[in-house]
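Chemist: Sequence:
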Amino acid sequence: MLGTADAYDAQSYFDKVGGHDTFAKLIGVFFDGVKDDPELLAMYSHDMVGAEERLLQFFEQYWGGPMTYSRTRGAPRLKMRHMPYKVTPRMRDHWLGCMHRAVTSVELPAEEEFWMRDYIERAADFLVNADE
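Quick note: the sequence shown uses the UniProt record's numbering, first residue 1, plus one each step.
In case anyone wonders, no lab produced these hints; they're calculated from the structure. Among the hints, a few may not be true.
Claimed, not checked - With a cut-off of at most 27 Å between alpha-carbon atoms, the simulated BS3-like pairs for lysine-lysine come out as follows:
hint, residue 1, residue 2
1, K35, K79
2, K25, K35
3, K35, K86
4, K79, K25
Start from the sequences, fold in the hints, and give me the full structure.
Modeler: Okay, here's the thing in structure tokens:
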């Protein structure tokens, strides 16, 4: 139903790549990698389940899916939300390693894979807020 918080464009990237199931797998594989990375795990361990849910909601919304993230958390404000954490270039690289493996796991079509990898690289660079 149009006009509701969960309405989204049927021609979105979200739909092209398989919708919720694809994003759930992407974020699930990402967090499997986080659990195997002691440095990332230390950042997420205080609320792993909540972090996984929020990242899934954010990615789904960003790529044209349901607006659940904004409805439950407000505007994304990524930089502000990451300021409490020391995000160094090294941590960015650990995060990107896990996310690139997750992107590979969902076997996106070439064009959609390009755009996903482009986004995660730019977003990760943007969130660096500390030196080593």
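Chemist: Could you check the structure against the hints above and give me the numbers of any it violates, in ascending order?
Modeler: Hint check: nothing fails, all pass.
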